[in-house]
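Trainee: Sequence:
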Amino acid sequence: MLMTLAEDAHQQIAREMNLSETAFIRKLQPSDNFTQSSCFGLRWFTPVNEVPLCGHATLASAAVLFHKIKNTNSTLTFATMSGELRARRAEDGIAAIGDTLVQDIRYSPDTRKLLVRLSDSYNRVQKYLRRSAHTVLSSYWSQQLGKKEMRAFQCSRRGGELDISLRPDGRVDMKGGAAIVLEGTLTV
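Per our numbering, numbering of the sequence shown is gapless, rising by one per residue and ending at 1005.
Don't read these hints as lab results, they were simulated from the structure. C-beta atoms are modelled at their ideal positions from N, C-alpha and C, and glycine is treated no differently.
In silico SDA-like pairs for lysine to any residue, Cα to Cα no more than 25 Å straight-line:
#	residue 1	residue 2
1	885	855
2	964	903
3	844	996
Now the in silico label distances, taken between C-beta atoms and shown as ranges:
#	residue 1	residue 2	range
4	966	823	44 to 54 Å
5	953	823	34 to 44 Å
6	856	986	15 to 25 Å
7	957	1005	37 to 47 Å
8	973	850	35 to 45 Å
Put together the whole structure using the sequences plus the hints.
Mentor: What follows is the structure in structure tokens.
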């Protein structure tokens, strides 16, 4: 984003875009630039509200900075409502460097209800690879399979694949591809 938006403009743009989330990248300092800076602000909005975390839009933002803007850094840090998130350039994709600590994920009789019914107010179909879901599921499947490195495939209409690595400290790294499918100019 080349300009500073009024606070309500983020929500208005996201409502007009009508996507599951719209990401807004901003420079943290006036002297920063999109090709050489390594740290940016990042916010995500659905058509109805701001959300604290969106993994697939974070990877998409990193893809734009790496591949379209030609950012020269190997790792980008995004300052978000959920803290700092990192994305690393990889030969065959973009890796999200996980800072979420996953502890003691166990199956319980109530787990099925949690997986089937997330929220009465959430009416969007799961179309994108959700990093937060894969973070939790990776710990479960690591225990079941005895593996620390796995490949996840999301069986939705859109589909998607992620390479998942569980670190010794309990955090999860994910790597996936990103494709830029639309480019344009937004007049505000």
